[in-house]
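Heads up: the sequence lines are chains X and D, in that order. So that you can map any letter, position 296 of the first sequence is 296 in my numbering, and since no number is skipped, the others follow by simple counting. So that you can map any letter, position 252 of the second sequence is 252 in my numbering, and since no number is skipped, the others follow by simple counting.
Quick caveat, the hints were computed from the structure, so don't treat them as lab data. Note that beta-carbon positions come from the ideal geometry of N, C-alpha and C, so glycine has one too. Treat the hints with caution; some may be incorrect.
[Said to hold, decoys possible] Quick list of the computed label-pair ranges, beta carbon to beta carbon:
1) Gln295/X / Glu97/D: 23 to 29 angstroms
2) Asp471/X / Met461/D: 42 to 48 angstroms
3) Asn384/D / Arg216/X: 33 to 39 angstroms
4) Pro323/X / Met461/D: 46 to 52 angstroms
5) Ser284/D / Tyr348/X: 41 to 47 angstroms
[Stated by the list, open to error] Below are the PhoX-like pairs computed for lysine-lysine, each with C-alpha atoms no more than 20 angstroms apart in a straight line:
6) Lys241/D / Lys267/D
7) Lys300/X / Lys385/D
8) Lys627/X / Lys241/D
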Amino acid sequence: MRTLLALTICLELVAANVAPLGKYTAVERRHWAFQPRSNPALPKFESQADKNFVRNPIDAFVLARLKKAELAPSVPASKEVLVRRVYFDLTGLPPTPQQVQAFVNDKKPDAWPRLIQQLLDSPHYGERWGQHWLDVVRFAETDGFEYDTHRTEAYRYRDYVIRAFQNDKPYDRFITEQLAGDEIAPQEQESVIAAGFNRLGPLRKNAGNQEVASSRNEVLTEMTNAVGAALLGVTLGCARCHDHKFDPIRQSDYYRMQAYFASTLENDFPLTDREARTTWEATVKPIDAQIKKMQSEMAKADPVKQEEIGKQIAQLESTKPPPPPTLYSVKTDLAKPSPIHLLARGEYTAKGDSVGMRPMGIMLPEGTPEDKDLQQPRARLAGWVTSKENPLTARVMVNRIWQYHFGQGIVVTPNDFGRMGGRPSHPELLDFLANEFVQSGYSVKHIHKLILSSSTWMQASDTKNVKASTDDPENKLLWKFSRRRLTAEELRDSMLMVSGNLNTKQGGPSVIVPIEKELVAALYNPTQWKVTPDPAEHKRRSIYLLVKRNLHLPMLEVFDAPDALVSCARRESSTHAPQALELLNGTFSNEQAEALAAKLAKSSGGKPEKMVDQAYQLVAGRLPSLKERQVAIEFARTATPHEFALAMLNLSAFIYVN
Amino acid sequence: MSEHIRYTRNRREFLGDAFCGFGALAYGALEAQAATNPLAPKLPHHAAKAKSVIFLFMAGGPSHMETFDPKPLLNQLHGQKRPAEFGDVKYQFVTSEAKLLGTKRSFKKYGKSGIEVSDLLPHTAECVDDLAVIRSCHGDMVVHSAAQYQLMTGRIIPGFPSMGSWTVYGLGTESNSLPAYCVLPDPHGALEAGQPMYLNGFLPAVYQPTTMRPGNKPVLNLSLPQGVQIEDRTKTIKYLKAMNQAAFAGEDNELEARIAAYDLAFKMQMEAPEVFDISKEDESTKEMYGIGKGPTDDYGRRCLLARRLVEKGVRFVCVTSGGGPGNLQWDAHDDIEENHLRMAKQTDQPVAALLKDLKRRGLLDQTLVLWGGEFGRSPESQGNKGRDHHNLGFSMWMAGGGIKGGTVVGATDAIGLKAIEKPYHFRDIHTTVLNQMGLNQHALSYMHLGRKERLTEIEGMVIKEIV
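Same shape as in the complex, but just chain X (with noise of 0.2 angstroms):
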């Protein structure tokens, strides 16, 4: 019996040693996100009141996981209130009162249709469905750390991502590109500036003390741990530093995973010939030397001076032209890579056994050796990830779709789909709707048309209910649409909309707006914040925004913009006095109310009772109730035109869709 013991032990060890490549459990193989899709059997209903009720599959599942706890669907919303919604939905901007009518007076069978692939082809749809996975990859256009450098040219990425959506570019495709377009279609601009995904991560520069093993190990992390959250939905990165604790996730298969970028290094791929390099070096040198002088002197200087000769730097700044464009990307060289260990606590000094390229073991065959020898190891990695019988991929792109519909996605952890995250509140929808995915060759649209044309996402959200209130307060089970506050990018952009400032232009470089001066201040390098000269591109889309890590627009942040630093799987929706300050005192809230009030008064020639009518439409998508007519006609009479139209972006009906 000792014997055996020993031995086992020492077989352990030896094991250790080689990092094994794994043995599961039938326990951990079981977890239903690691199992093959289903192809579950639609439900079926007698009753002619749930026939109705059931207008394509999705409404089958809904329905019968209401019927399972004694619940019943809502009625449907308005047409007025759905048409407010959809807007919202496809596009972040409120309707017209004349779209809204438009709508409402459509008596044609397909005018539901009509508006969903209205909608889907409006160029406003890649904007709202960009700024989503632009959260899951933290997506910003600065360094972040100590000098949070600008990465000028990340801006190509996004109006990448917003250019897939539009076109409906299929997902696994999208993957592919982000992953590794720069191995497979190495001569594509979209390909290469999809790939500057590896690069997304913040990056740690930092005076003196430059570790470059460190800065690498923390490089390779973030490529690792993006691939985890944003793909995959699992929480890869909690096996950095050890075994997962609870889900089927070795340390050996982080790193194996990891090992997949350990050719990959970072490529400024140049948009511009060698000699117009040379110029912008040469013209910049001279100036970055005459700042470097500059700012140790003002180190030595007192306050009042000190402020001088900031002045004087900013101005050297400003005459710095900006550099060459170049392609945001990055590179696989095979003759450089990275040794790939196991690290013991994550720390780069503390190397464990060394460890080849090989997918997450909990997904392949017991001993599946690890991949020797690729030319385009990221392209493999892609490869695995969208295949058809990745359990993972499809489904947890679908579950984000679908909560970026609902609020609350079919599993609530959408980054999350491992033992720790939510079980699937409807397990075979997510399967149905994943098969659905897949079998349309991966169309993002294919699937906001069917969750769009479904009766559970057309219910009311004011049903009152008193018994599903009780048992599903959160409204699991869908029995009715669940009322949100808009986004701060909807919330924004809706304010310019209605107010009539919005400049619809499209893509290309970062807009830099103006804010107060104690914010820039704050700043470590000031000068940083140029702000665009052109005043009507400070009205834009709060997409085309610069995503600065060191500093956010207050106006977003409260609102409860992401920080950008790590993925975000879902928006959190506060509630708090600041948003209250902020759209009642601040400087973009009262430039806004300065337009709607001198739109109101040129529409309503200052006749009150048309102006709260108005003022509704635009705002509300609908007519006052009574009563609050009543209220807002009062208040019209008596309050100056200014405090009236920013009452009005301050309403509730204004900031929540039904």
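Please build the complex by placing chain D on the supplied structure of chain X, with the hints as guidance.
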């Protein structure tokens, strides 16, 4: 070391067990408030010693050898290379060839406790019987940005919530007309880690700090836009509420919360400016803080403001000394004497005044004051007069809020290189701060990306010698 993910009972269960009837009742009342105000005060996990925290953040890294950690041997070895027996360290700039630099400061014993403090901080020295000096602090990073993130958030990368945000997340605030968590930055400029170090990270935006700037409008959006009269605005608020109620009255918690947020915002707008206005303080108080006198004016004003804020129930205040270029922080690479004399001149008197002022008002017992930077400085010289960053051993202190005054804990080696006796990491500082506030480091967690995140990441220790 325990697992960094652990199941904890939620607060309702905890309180139900801990306080039975009464606790449940009190909790019910708090919960009713919390339905419309996420910042309503919450019960702590255990009995709290402190209600508020003031962090006197000495940015850039003050030297321990010039302040609270006398090292006679260092002066004896001045000009020599570090003897091998002290071991090896990694600095930002100085190399293994660097020579040790003795200090020009002299140390003296102060107070009943007889704790030694250098002549750099004569005013703070007078309060030494209220201080618990931790001479064995250490962190993991030797560069500013990463070290500042670790000091503030427990992590060396940005994106995690700061101490202030965690505290407010755990306890809410006792003031309903002031921001719960205030940062008072140095007007000279920003720090290397930038805004993210003070922020709420992945916690909801309601837990974000409010930055207060010098001048008449310390808080953004707290004053009316130009040209708007208060009478007009009062009316706007009234009608806005009526219109919002007309639309959704009584059917939705969130919409009611929104109405409550507007009420609170208006209250803040009306009442907060008075708290920010330090002109009504009596002259002797202002004089005590050094307000109106050259070097101490700015930090004195901010320390006085910190007292006024905690007096009104603000939960966490960070008063930063140092900003902009390194030499305007405690980052004395070029000349330790010039830099530290100047930085101490600006802060020493205000810091001592804050302690005395809190004490005479009976506020020190319920206010935890924490002093320190993101690291200390090197025993070796940089150039021949400066000191480099150094993270393996340095000093911080705490006072008030249930901390045992007049104590010293831990020690560095004979030249101030490494914390060798009872070393305490930033995570232990964090654990102690939470503990004094009645918060348990394990229970104060937030689920993020599949992991229960906490300020102390894995686990810290309460510094038991000082509580």
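Verification of the supplied hints:
1. At roughly 27 angstroms, the beta-carbon separation of Gln295/X and Glu97/D lies within the given 23 to 29 angstroms, and the hint holds.
2. The supplied range of 42 to 48 angstroms is met by Asp471/X and Met461/D, whose beta-carbon atoms lie about 45 angstroms from each other.
3. At about 35 angstroms, the beta-carbon gap between Asn384/D and Arg216/X stays in the expected band of 33 to 39 angstroms.
4. In this structure, Pro323/X and Met461/D meet the distance hint of 46 to 52 angstroms, their C-beta atoms being roughly 49 angstroms apart.
5. Checked against the hint of 41 to 47 angstroms, the C-beta distance between Ser284/D and Tyr348/X comes to roughly 56 angstroms, which is inconsistent with it.
6. For the suggested pair Lys241/D and Lys267/D, the alpha carbons sit about 14 angstroms apart, so the restraint of at most 20 angstroms is met.
7. With a C-alpha separation of about 15 angstroms, the suggested pairing of Lys300/X with Lys385/D holds against the 20 angstroms cut-off.
8. For the given pair, Lys627/X sits about 13 angstroms from Lys241/D by alpha-carbon distance, which is consistent with the 20 angstroms threshold.
Comparing the model with each numbered hint stated earlier shows that hint 5 is the single one that does not hold.
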